[in-house]
Structure formats: C-alpha cells, structure tokens
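Trainee: These are the residues of each chain, in order.
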Amino acid sequence: MKRVIWRPYWNYEKEEKWLNEMAARGWLFTDYSWCRYVFQEGREGEFVYRIELLENLPTHPESQKYLHFLEGTGIECVASYLKWVYLRKKSADGPFDIYTDLESRIAHHRRILKYWRFFTWLELIVGFINLTLVIIVWFDEGFLSNNLWMGILLIAFGFMFAAIGAPVKKQLKRWIKEKQIRES
Amino acid sequence: MPESTERGALTEAVFYILLSLFAPMHGYGIMQNVSKLSNGRVILGAGTLYGAINTLLEKGWIRSVINDADSRKKEYIITEIGKVAVENELSRLQELLRNGNAILGGQML
Numbered sequence: 001m002k003r004v005i006w007r008p009y010w011n012y013e014k015e016e017k018w019l020n021e022m023a024a025r026g027w028l029f030t031d032y033s034w035c036r037y038v039f040q041e042g043r044e045g046e047f048v049y050r051i052e053l054l055e056n057l058p059t060h061p062e063s064q065k066y067l068h069f070l071e072g073t074g075i076e077c078v079a080s081y082l083k084w085v086y087l088r089k090k091s092a093d094g095p096f097d098i099y100t101d102l103e104s105r106i107a108h109h110r111r112i113l114k115y116w117r118f119f120t121w122l123e124l125i126v127g128f129i130n131l132t133l134v135i136i137v138w139f140d141e142g143f144l145s146n147n148l149w150m151g152i153l154l155i156a157f158g159f160m161f162a163a164i165g166a167p168v169k170k171q172l173k174r175w176i177k178e179k180q181i182r183e184s
Numbered sequence: 001m002p003e004s005t006e007r008g009a010l011t012e013a014v015f016y017i018l019l020s021l022f023a024p025m026h027g028y029g030i031m032q033n034v035s036k037l038s039n040g041r042v043i044l045g046a047g048t049l050y051g052a053i054n055t056l057l058e059k060g061w062i063r064s065v066i067n068d069a070d071s072r073k074k075e076y077i078i079t080e081i082g083k084v085a086v087e088n089e090l091s092r093l094q095e096l097l098r099n100g101n102a103i104l105g106g107q108m109l
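Residue numbers (the working numbering), protein chains in the order written: chain A, 1 to 184; chain B, 1 to 109.
Please keep in mind that the hints were generated in silico from the structure rather than gathered at the bench.
What you are looking at is a predicted structure, and each value in this text was computed from that prediction instead of being measured.
Treat the hints with caution; some may be incorrect.
[Claimed, not checked] In the BS3-like style, the derived pairs of lysine-lysine whose C-alpha atoms are separated by at most 27 Å in a straight line are:
{"hint": "1", "chain 1": "B", "residue 1": "K74", "chain 2": "B", "residue 2": "K59"}
{"hint": "2", "chain 1": "B", "residue 1": "K74", "chain 2": "A", "residue 2": "K179"}
{"hint": "3", "chain 1": "A", "residue 1": "K177", "chain 2": "A", "residue 2": "K114"}
{"hint": "4", "chain 1": "A", "residue 1": "K83", "chain 2": "A", "residue 2": "K169"}
{"hint": "5", "chain 1": "B", "residue 1": "K74", "chain 2": "A", "residue 2": "K90"}
{"hint": "6", "chain 1": "B", "residue 1": "K74", "chain 2": "A", "residue 2": "K65"}
{"hint": "7", "chain 1": "A", "residue 1": "K169", "chain 2": "A", "residue 2": "K17"}
{"hint": "8", "chain 1": "A", "residue 1": "K17", "chain 2": "A", "residue 2": "K173"}
{"hint": "9", "chain 1": "B", "residue 1": "K73", "chain 2": "A", "residue 2": "K65"}
{"hint": "10", "chain 1": "B", "residue 1": "K59", "chain 2": "A", "residue 2": "K90"}
{"hint": "11", "chain 1": "A", "residue 1": "K114", "chain 2": "A", "residue 2": "K83"}
{"hint": "12", "chain 1": "B", "residue 1": "K59", "chain 2": "A", "residue 2": "K65"}
{"hint": "13", "chain 1": "A", "residue 1": "K173", "chain 2": "A", "residue 2": "K114"}
{"hint": "14", "chain 1": "B", "residue 1": "K74", "chain 2": "B", "residue 2": "K36"}
{"hint": "15", "chain 1": "A", "residue 1": "K83", "chain 2": "B", "residue 2": "K74"}
{"hint": "16", "chain 1": "A", "residue 1": "K170", "chain 2": "A", "residue 2": "K17"}
{"hint": "17", "chain 1": "A", "residue 1": "K2", "chain 2": "A", "residue 2": "K17"}
{"hint": "18", "chain 1": "A", "residue 1": "K90", "chain 2": "B", "residue 2": "K73"}
{"hint": "19", "chain 1": "B", "residue 1": "K36", "chain 2": "A", "residue 2": "K179"}
{"hint": "20", "chain 1": "B", "residue 1": "K73", "chain 2": "A", "residue 2": "K83"}
{"hint": "21", "chain 1": "A", "residue 1": "K173", "chain 2": "A", "residue 2": "K83"}
[Unchecked claim] Covered, in the sense of this in silico footprint (three residues per stretch, anywhere, with C-beta under 8 Å from a C-beta of chain A), are these stretches of chain B:
{"hint": "22", "segment": "8–16"}
{"hint": "23", "segment": "25–39"}
{"hint": "24", "segment": "47–58"}
[Stated by the list, open to error] Label pairs and their in silico Cβ distance ranges:
{"hint": "25", "chain 1": "B", "residue 1": "G40", "chain 2": "A", "residue 2": "F128", "range": "50 to 60 Å"}
{"hint": "26", "chain 1": "B", "residue 1": "L93", "chain 2": "A", "residue 2": "I176", "range": "50 to 60 Å"}
{"hint": "27", "chain 1": "B", "residue 1": "I43", "chain 2": "A", "residue 2": "E46", "range": "17 to 27 Å"}
{"hint": "28", "chain 1": "B", "residue 1": "E58", "chain 2": "A", "residue 2": "I176", "range": "15 to 25 Å"}
{"hint": "29", "chain 1": "B", "residue 1": "I43", "chain 2": "A", "residue 2": "A107", "range": "13 to 23 Å"}
{"hint": "30", "chain 1": "B", "residue 1": "S64", "chain 2": "A", "residue 2": "I125", "range": "38 to 48 Å"}
{"hint": "31", "chain 1": "B", "residue 1": "E58", "chain 2": "A", "residue 2": "E183", "range": "16 to 26 Å"}
{"hint": "32", "chain 1": "B", "residue 1": "A23", "chain 2": "A", "residue 2": "A156", "range": "54 to 64 Å"}
{"hint": "33", "chain 1": "A", "residue 1": "V126", "chain 2": "B", "residue 2": "I43", "range": "42 to 52 Å"}
{"hint": "34", "chain 1": "A", "residue 1": "L82", "chain 2": "B", "residue 2": "G40", "range": "35 to 45 Å"}
{"hint": "35", "chain 1": "B", "residue 1": "Q32", "chain 2": "A", "residue 2": "E44", "range": "18 to 28 Å"}
{"hint": "36", "chain 1": "B", "residue 1": "Q32", "chain 2": "A", "residue 2": "D31", "range": "27 to 37 Å"}
{"hint": "37", "chain 1": "A", "residue 1": "K169", "chain 2": "B", "residue 2": "K59", "range": "23 to 33 Å"}
{"hint": "38", "chain 1": "A", "residue 1": "L57", "chain 2": "B", "residue 2": "I43", "range": "27 to 37 Å"}
Built from N, CA and C at the ideal position, the CB exists for glycine as well.
The following block holds chain A by itself, in its conformation from the complex (with noise of 0.2 Å):
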C-alpha cells in the first residue's frame, strides 16, 4: 500500500526523525518531491533514514562518486532535493550516521548553513531591489504596489530564512567550541 503525505519541514533533523518513526511504524519513505512524502507499507523498523546536504547537485560526477561509494556500504539514496539527498540503510546492518566526528559534523552544518544564507541574501537583495523601484518610480509616475508588497514579502521571506539558519550557527558555534578538546 501507498501513502502521500504533504508537509513542510524547515529542519531536517526534525524531518530525518518524522522519517524514521514513520518507518519504525511500517511506513517506509521512498520518494520526495517539494514537502510531498511518498511511503510504502513494509516491515516495521526495517531500515533507519538518515539526510544530507552534498556539496553538489546529486547529479555531479563528485556527488555520483560519494553516492556510490556509500553503496558499497549498505546506504541507498532514495531520493533527492536540490542538494539535499534522502539515504537510508537497513537497521540489521548496524547503526547508520553519515558522520562521527566533529570535524566532519561541522563541515556538514557548515554547508547548511551557507545554503540557507543564500536564501536569506536571495530574498532581501531582490527585496530591497523592489522597494528601491517603488521611491524611485514614485517621484514621477506614481506608486507601483504590486513592487511594494512584493518587496515586502520577500524581506518576511529573507527573515524567515535567516531565522531558519540561526540555530544551525547555534550549534555550530557549540560544535567548534567542543573541537577545541575532543574530536568525537
């Protein structure tokens, strides 16, 4: 049997463990497309899904080289977001995490969080680009609101993005303070 759901995540370790206690109730995710969630019925806690943002669209002969090497380790790659990649790995082959070690941990959020800052300057930049036309047009055509609101929006969204990023530099920050005295 098959099951849709649609939801938003914004966090992907909240969404990697909606995942896995979705799994762990026989409901075993296997396709993805913008907050659209396929599942399959199969066996209860039959595999543990973990996320990952690569450093290249999956497509790239770099992310296809790592993609593979997991292969030969028992991790398949289920789907695929942007950079974002689903994997999942069957429980009885041992505890699956993509990474151990704090350097590689941070390396990881350090990813994400460039990722979200893109989002956040995207949106301000193209923000304030339409809140400049609005004062610019104003003095001699008249006021254009369509480019106000849109400016608007896109700074709530440009806020929004930041606010996504904030507790990943949190953690961050408390990971390479850590490094500091220990590795793992």
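For this one, chain A is given, so just place chain B on it according to the hints.
Mentor: For chain B alone, kept in the frame of chain A given last:
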C-alpha cells in the same frame, strides 16, 4: 617525503583507518574492521570515512589498489609515508601513556 615529517596528532578515525589498511580493504571493510579493532567503540560513519579516505589519498598516505575482479568496490592500502605517520603517532601515544601512568598509575591501579 615532506609529509612524513609532520608531527601533528592524528584523529582516532585516521589512526584506525591507517591501521586497517596494512592489508588491502574497501570502504565497508574498513568500517567493519575499525569497529572490530575497537570492540564496537569506534563506529565510522560512511561520510566521515569518505572524507578521510580522500584526504589520505591526496596526502599520499594511502593509495588505491587496482582490482579488476570487482571495480565496484575500490580497495585501498597504506603507503610507506603512511606507515611512517602511524609509527610517529604510535610513539606519541606511548609518550601520553607513559606520562599518564606515571602520574595516575599509583592512584588508579
């Protein structure tokens, strides 16, 4: 061999990966071997291992073994420079042990 003169401490993961590769091994083999060597204490994540392998290949501490039988699973082996790095690390660890035991030895045992 400029690399062999480096004196920095190795990470636990790198030390165990290098020890494993005294015999040729592929990625999954390394993960299992490290877990076995450490009685299950050190579990290497595949992403952490992949990063370490690439860095060690770049430094020339390990090299890949040409294996025609199954090209899907690439095998690696330690190089002479890598062996020197392990030996340096071993004497560094022995120093830590000596000093630790000298100070705590009487109280702990």
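Trainee: For the hint 42 to 52 Å, verify it against the beta carbon of V126/A and that of I43/B.
Mentor: holds, 44 Å
Trainee: Mind checking the alpha carbons of K83/A and K169/A for me, to see if they're no more than 27 Å apart?
Mentor: holds, 19 Å
Trainee: Can you tell me whether the CB distance of E58/B to E183/A sits inside 16 to 26 Å?
Mentor: holds, 20 Å
Trainee: Do the alpha carbons of K173/A and K114/A lie within 27 Å of each other, as the hint requires?
Mentor: holds, 14 Å
Trainee: With a cut-off of 27 Å on the C-alpha distance, tell me whether K74/B and K36/B pass.
Mentor: holds, 21 Å
Trainee: Are K83/A and K74/B close enough, with their CA atoms no more than 27 Å apart?
Mentor: holds, 25 Å
Trainee: Holds or violated: the 50 to 60 Å window for the beta-carbon distance between L93/B and I176/A?
Mentor: With Cβ atoms ~25 Å apart, the hint is violated.
Trainee: Is it true that the CA of K59/B sits at most 27 Å from the CA of K65/A?
Mentor: Since the Cα atoms of K59/B and K65/A sit roughly 19 Å apart, the hinted pair holds (cutoff 27 Å).
Trainee: With a Cβ-Cβ cutoff of 8 Å, does the segment 25–39 of chain B contain at least three residues near chain A?
Mentor: holds (count 5)
Trainee: With the threshold set at 27 Å, check whether the alpha-carbon distance from K177/A to K114/A stays at or below it.
Mentor: holds, 19 Å
Trainee: Taking the beta carbons of L57/A and I43/B, is their distance inside 27 to 37 Å?
Mentor: Between L57/A and I43/B, where Cβ atoms are some 29 Å apart, the hint holds.
Trainee: Is 17 to 27 Å right for how far apart the beta carbons of I43/B and E46/A are?
Mentor: Once the Cβ atoms are compared, 20 Å apart, the range 17 to 27 Å for E46/A and I43/B holds.
Of the numbered hints listed earlier, those contradicted by the structure are 2, 10, 26.
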